[in-house]
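**Student:** Sequence:
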Amino acid sequence: MLWDSFKNLLGWALKTKIQMEKLFQQLIEAAKKNRKGFNRLKNAVVTCQQFELASQLRDIEKEAFPETEEVKLAKEQAKKLNLAFRMVELNISEDVCWLIAETLKMHNEKQGEFSIDDAVKLRLKKEELFLTD
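When we follow this note's numbering, the leftmost residue of the sequence shown carries the number 133, and every step to the right adds one.
Any given hint could turn out to be false.
Claimed, not checked - List of simulated lysine to aspartate or glutamate pairs, EDC-like, C-alpha gap at most 16 angstroms:
{"hint": "1", "residue 1": "Lys-174", "residue 2": "Glu-193"}
{"hint": "2", "residue 1": "Lys-257", "residue 2": "Glu-226"}
{"hint": "3", "residue 1": "Lys-164", "residue 2": "Glu-193"}
{"hint": "4", "residue 1": "Lys-174", "residue 2": "Glu-184"}
Everything labelled a hint here was simulated from the structure, so no lab data went into it.
Using the sequences plus the hints, can you model the full thing?
**Tutor:** In structure tokens:
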């Protein structure tokens, strides 16, 4: 009788594991359609300290959402600005460094005629490039 209970429990566990794997695959496939959603999934996995799984998700993310040249350039510019700001003891995140540079650039191009519309465009662009909320 104990053996039958054990076999039933083992069968249930195997069935549950297979169902969970299918559900997780469905979750990943759904997340592949939305870069922000995928990033949130990956961050949740990191928060749960499942680093191996997070690494696998990062590989899937690179394949599903390859970085454009524009994103690469923005991140490179932001990294350089971040270093410069840290040298003068300003600890500013890279996305904000990029936003500061682009705001100043646009402000100068428009000779001081910077508008709310310009600000909104820059904020949306920052969110798109750096996946921020």
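**Student:** For every hint, state whether the structure bears it out.
**Tutor:** Evaluated hints:
{"no.": "1", "hint": "Lys-174 - Glu-193", "in the structure": "holds, 9 angstroms"}
{"no.": "2", "hint": "Lys-257 - Glu-226", "in the structure": "holds, 14 angstroms"}
{"no.": "3", "hint": "Lys-164 - Glu-193", "in the structure": "holds, 8 angstroms"}
{"no.": "4", "hint": "Lys-174 - Glu-184", "in the structure": "holds, 11 angstroms"}
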